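Participant: Single-letter residue listing:
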Amino acid sequence: MDKLVVTAASRVTEADVRAAKLGSRFGRLDLSSQLALLAVEALGLDFDAHRRDRVGICLAARAGSLSTDVEYWSGRGNAGGPSPTLFAYTLPSAAIGEIAIRHRLTGPNLCMVGGNTGLLAEAVELFRSGETDSCLCVECNVITPALAAILGTPATALACALYVVRGGAGRALGENDRDIESLCALLNPSPSIP
Amino acid sequence: MSDLVHDLKVKIVEFLKLDGVTPEQIDDNAPLFGSGLDLDSIDALELVVMLEAHYGIIIKDIEEGRPAFQSVRSLADFITARRRS
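Sequence lines, in order, name chains A and B.
Just so you know, we're using our numbering here: the first sequence kicks off at 1 and counts up by one.
Just so you know, we're using our numbering here: the second sequence kicks off at 195 and counts up by one.
Bound conformation, chain B alone (with noise of 0.2 Å):
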């Protein structure tokens, strides 16, 4: 897990073209939205991409993910629970 959500981070910030943010400073509970890296609404779009393109999960709808997107872990979760299904 641990790998995962580091590999998730790396992403984000890469996905994302957080401009200097490194993935350690990203903290694996702090809100992904709002407040924390408070991202918007196209990013939320940019995470769904990134979802399918490196995990091959797809989300259909939108409300779906919404918890998902909490936090770095919770978005781990969400893509071990979908391995497993």
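The following block holds chain A by itself, in its conformation from the complex (with noise of 0.2 Å):
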């Protein structure tokens, strides 16, 4: 197999988010899809140039979707109930379709829940079995400050992405490279915001 090189780095935060100018409905989005979809917007990629059948999507979502569930459950005593725009978030893999809809990519995805997921290893298995021509990695990483309280942790929210193709120019990827959050701090990605 030729070797995979990542040719696009990106890491954002929830004040990109706030800046972030991605059309009326972004805000409706929950944290971590607006995140990951502003990660894969900072990429600066041009899918007109690719096959958006082989065009991969593997997601790491460091606490899942725990966040949106803690704020969809405290809505529950709401007159009218918990918002049903908030319901469609509580999956963890949500983010993958507000991405894939956006770039109209219909290729194969992942999600994985919890740390060192070793996603980058399954990113390169969709390669190995020529699923894929090129593949997003994303990682995702919310914990808001409702959860930080019950989990008795630090609150944080961050998204960082990968763009992996087969050859050319790029950083190669190895298989040391098992995090796509420490890959991208390695490649001190200086992306520009949407």
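No lab work stands behind these hints, which were simulated from the structure alone.
All figures in this text were calculated on a predicted structure; none of them were measured in a lab.
Careful: at least some of the hints might be erroneous.
[Claimed, not checked] Each pair of labels, with its calculated beta carbon distance range: (1) A/54 / B/279: 55 to 61 Å; (2) B/274 / A/133: 54 to 60 Å; (3) B/274 / A/93: 41 to 47 Å; (4) A/182 / B/204: 41 to 47 Å; (5) B/222 / A/19: 29 to 35 Å.
[Unchecked claim] Partial pick of chain B residues on the chain A-facing surface, computed with a CB cut under 7 Å: (6) 211; (7) 212; (8) 213; (9) 214; (10) 215; (11) 236; (12) 239; (13) 240; (14) 246; (15) 247; (16) 251.
Note that the Cβ used here is the ideal one computed from N, Cα and C, for glycine as well.
Each chain sits in its own coordinate frame; assemble them with the hints.
Facilitator: Quick look at the structure:
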């Protein structure tokens, strides 16, 4: 198999989400989906140059959808009940759908929950099995203050994304590259946030 | 009625989290779904929740609410009628 290379990397935070201009429906996404979508936007890719059914999406959701679950659950006492919109995001993989819809990507995808998931190794398998020519690898780490209070951990909200392709120029993806966030830090992206 | 129409527009922008849309930009008679604001089925459910939360109006049958969701104006008419009944 050709070597795999990272051609673009990005890292975004909640501050970037607040400044983003991604259309009138961006605001209804949950924070994880907003971050994931924005991280992909920040890669600056032109998907018209790709076969959209050959672009994979691999998402690592460190805390799953727990932050959104907590927000949804906290609305159960409201008149009318909790937000139906929010319900759609009580799935860790929701962000994959948002990315796929925005960029009309129909390739394979997978979602893994937890830290150190080995997601990059799974992405490599997509290439090895011939299912994909390129892959968006996204890692979300969202612990809202409400969830942080429950877990007793610090709140955080960030997402990192890598674009991995077969061959060509870029940073070679090595066997020791396991964690998207660490790799993004190594590549030191300075994305242009839309 | 005009106060209610304006209030509804504010609530729609707030509840549906319409980025970059102001209440003033929403036409009283423009379709809420399909064109105009181009809302979808989840937005419809959100509007049902909004009606109960802010106007105390419960829609148990979505078919009952369907005519009301044509536009902001029809929604205001629906609320006014339900308050009278």
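Participant: Any hints this thing doesn't respect? Which numbers, in order?
Facilitator: 16
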